[in-house]
Amino acid sequence: MTNGIETLASRPIGRRAALIGLAGVAGTLSMPWIARAQAETIRIGFPTPLTGPFAAEANDQVRSAQLAVKLANDKGGIAGRKVELLVRDDKLNAGEAATRTLELIEKDKVHAVVGALSSAVQLAVNEVTRARSMLYISISQSDTINEKDFSPYTFHEALNPTMTTAVVARHSFKKGSKVAYLVADYAYGHEMLRGFKRAAKEIGAQTVSEILHPFGAADYSTFIPTILSSGADILCICNFGRDQANSIKQAVDFGVKDQMKIVVPVLLHNQRLAVDPEVFEGVTGGANYYWGLEETMPSAKSFNDAFRAMYKGTIPTDYGAYGYTGVASLLMAIEKAGGTEPQKVIAALEALKYDIAKGEQSYRKCDHQSMQSVLVLESKAKKAMKSDADLFKIVAAEPASESVLRTCSELGFKS
Amino acid sequence: MSFIRNAELVPAPARRSLATLFSNVSRWRVPLSILALCIMPWVLPSQALAVNVLIYGLVAVGYNLLFGYTGLLSFGHAAFFGAGAYATGIAIGAFGVHWFIAMLIGVLVSGLLATVMGMLAIRTRGIYFSMVTLALAQLVYYAALQASSWTGGENGLRGFTVSTLHLPGFSVNFLDPLVKYYAIMIVVAAALWFVSRVLNSPFGAVIEAIRENETRARACGYDVERTKLLSFILSGILCGLAGTLSAMHLSIVPLDSLHYHTSGLIVMMTLLGGAGSFFGPFIGALAFLSMEDIFSLWTSNWQLIVGVIFILFVLYLPKGIWGTLISWGKSR
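Protein chains in written order, with the numbering used here: chain A, 1 to 415; chain B, 1 to 332.
FYI, nobody ran anything at the bench for these hints, they're computed from the structure. These numbers come from a predicted model, not from an experiment. Where a beta carbon is used, it is the ideal one built from N, C-alpha and C, also for glycine. Incorrect hints may have been included.
The calculated lysine to aspartate or glutamate pairs, modelled on EDC-like cross-linking and capped at a C-alpha distance of 16 Å, are [to be verified]:
(1) A:Lys393 <-> A:Glu278
(2) A:Lys109 <-> B:Asp176
(3) A:Lys197 <-> A:Glu210
(4) A:Lys249 <-> A:Glu210
(5) A:Lys249 <-> A:Asp219
(6) A:Lys107 <-> B:Asp176
Covered by chain B, per the in silico footprint, the following chain A stretches (three or more residues, Cβ under 8 Å) [said to hold, decoys possible]:
(7) 50-61
(8) 127-141
(9) 353-363
Simulated DEER-style distance windows between Cβ atoms [what the hints assert, rightly or not]:
(10) B:Val172 <-> A:Asp388: 51 to 61 Å
(11) B:Val116 <-> A:Lys382: 50 to 60 Å
(12) A:Arg194 <-> B:Thr164: 30 to 40 Å
(13) A:Glu147 <-> B:Thr164: 35 to 45 Å
(14) A:Gly313 <-> B:Val43: 27 to 37 Å
(15) B:Asn173 <-> A:Lys82: 50 to 60 Å
(16) A:Ser221 <-> B:Val116: 35 to 45 Å
(17) B:Ile305 <-> A:Thr314: 25 to 35 Å
(18) A:Arg194 <-> B:Thr215: 53 to 63 Å
(19) A:Asp253 <-> B:His261: 28 to 38 Å
(20) A:Ala309 <-> B:Ile309: 35 to 45 Å
When you get a sec, could you build the whole thing from the sequences and use the hints?
Printed below as a string of structure tokens:
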């Protein structure tokens, strides 16, 4: 062994080999400079929970975000620069997300961050980006991000619980309705409940029961007798992900649908796909996007077509669409600003009017909330479905309006 | 078997020099560890990862004092880590306390919590000790979840970003990743020196005696209960210190830092690196976090790879990475 190493070490290095080696080293060292000369790539960090209970939604987000990047690069880049998406797994853990975001900013030198899929995670990312004056487009529901956690560098592209529940309640609650709530005991559930109760008060609906269930619960049978005996005519289930399919399935098994209508804040595409159509039949809920919008809206049609072309005929889902609108609106603003200088991009985002998937959208100046259309969907019966993807009927598509949001002064902003 | 064969191959002087090398390594363990920490941010893929290695390394070293040296398997150390982090965050965010005082408060709170939990837990032994620590830690977790006006509940604690470290006479930019790394490293290095001193002291010998044979240690006249409690508190304080550093580093405190997953992670890192060795837990944290960082870029099934590696270690190298290296060196 040692002999081998010695002969290797004592073997003279030929001049030719040395020259090739030197050229190689010089080439490697000068690479970054050559690359920089062609104008720097616009790098967008994308932390999202690729592992964990929201992995299906996260993968949809990534695919849609990649579509937005591809479309930008196909037309020659943004402001003459190529765009790159750096996807990182945040494991649905706020600490992990903060670390990944730090890495994206410090090591990968990203120009903006888009992403996150839970309230806690987006607030963690927001905290890191705010301290470092980094642009951040948040694409997950939260009310807090518009109030206490507001950052001038953060824009909230997702719906927020206030606007979702305001629109859903308008189309499902009536004066005198008796509502029972089944709520996941964490930030998402609490914010949705708060929104629904605010809307119910305006409409004149009354709350008859309010039950909290733990996040990720598998068994809902203990809650259902209370709901059945409450005399409610609407059951409002405020939870997310797998919890939604599980709780609705068990409520239906217990015959809840015979007595009352089931309403959810966000009717999830992937959760409906996870169970039989009979389970969700007649369930009403909100959505930021549904592919069926293409029948009436040209921008939805072009988004769907581009998605189908890139992903072999599949269709974008609700949370997936956030990935597209989030990245695409950011790129439009960078284009307008002529570069990635944060203050200029912020000004451009505040002034931006965009219609890329779901009708007219714009960011409200005071809290940077995206004012956008909110859909109300009803899950179809099996016999009414024209294809496997034909899941929902669009009950209403409320166009963007400030009236469903809390006012700026209510949120504590001047003006 | 194998070491006899090896011994025949290696000539006598070389064998002696290897042995002296290892005894030198253990004598100079603190300066050598600090040297290793100094070069870490230049070797690892990112500074954020390097800071996490520092923090989790310190947690694992603190945990090892109780698990590796005293022989008590606790499943509740996330409570001290989280308590230190929350106390620091709340002190800065809600009361506007200077960062240094806030860190002291964090350490103090975790020390107090460790005293209470320790007094309850050391009455039990073996599996019951693990279960009691787990249960008490879950109690802390749910307390933090419910007291959301203080802790931010599910959303975690926010709003206490420290962007500049004000020290008497000068101040440094804490947002600069390298500055942050070395600032945190100074604290971790001091803690490592402290642990080394504790292990070299008579107290260090007593806790090892308790691990080896509790009855015998008692027969020798040592107060076993008090020693165990002291070891529990010291271990809790070190984890609390790591928690305060984590709060300063991430500028958030996630609720997950109190979760039993974190406790499990600490045990895993300690086992991977080598329980009962001074620097082993640090190596464990380094190995675990680097694997996580690198594999999760390749595949979203990274947990599978890390899990298989962990199982292989438990089956074939129960002394962990560092422990195996050391016993291999000593056998020469």
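The hints, checked one at a time:
1. A:Lys393 <-> A:Glu278: holds (15 Å)
2. A:Lys109 <-> B:Asp176: holds (13 Å)
3. A:Lys197 <-> A:Glu210: holds (11 Å)
4. A:Lys249 <-> A:Glu210: violated (19 Å)
5. A:Lys249 <-> A:Asp219: Distance ~11 Å between lysine 249 (chain A) and aspartate 219 (chain A) Cα, so the pair holds.
6. A:Lys107 <-> B:Asp176: holds (12 Å)
7. 50-61: holds (count 3)
8. 127-141: holds (count 5)
9. 353-363: violated (count 0)
10. B:Val172 <-> A:Asp388: 51 to 61 Å: Given about 59 Å between the Cβ atoms, the range holds.
11. B:Val116 <-> A:Lys382: 50 to 60 Å: holds (58 Å)
12. A:Arg194 <-> B:Thr164: 30 to 40 Å: holds (37 Å)
13. A:Glu147 <-> B:Thr164: 35 to 45 Å: Violated, at about 26 Å.
14. A:Gly313 <-> B:Val43: 27 to 37 Å: About 46 Å separates the Cβ atoms of glycine 313 (chain A) and valine 43 (chain B), which means 27 to 37 Å is violated.
15. B:Asn173 <-> A:Lys82: 50 to 60 Å: Because 32 Å falls outside the window, the suggested range is violated.
16. A:Ser221 <-> B:Val116: 35 to 45 Å: Given about 38 Å between the Cβ atoms, the range holds.
17. B:Ile305 <-> A:Thr314: 25 to 35 Å: holds (29 Å)
18. A:Arg194 <-> B:Thr215: 53 to 63 Å: holds (59 Å)
19. A:Asp253 <-> B:His261: 28 to 38 Å: At 32 Å between Cβs, range holds.
20. A:Ala309 <-> B:Ile309: 35 to 45 Å: The hint (35 to 45 Å, Cβ to Cβ) holds, given that alanine 309 (chain A) and isoleucine 309 (chain B) are roughly 41 Å apart.
Violation of the numbered hints given earlier is confined to hints 4, 9, 13, 14, 15; the remaining hints are satisfied by the structure.
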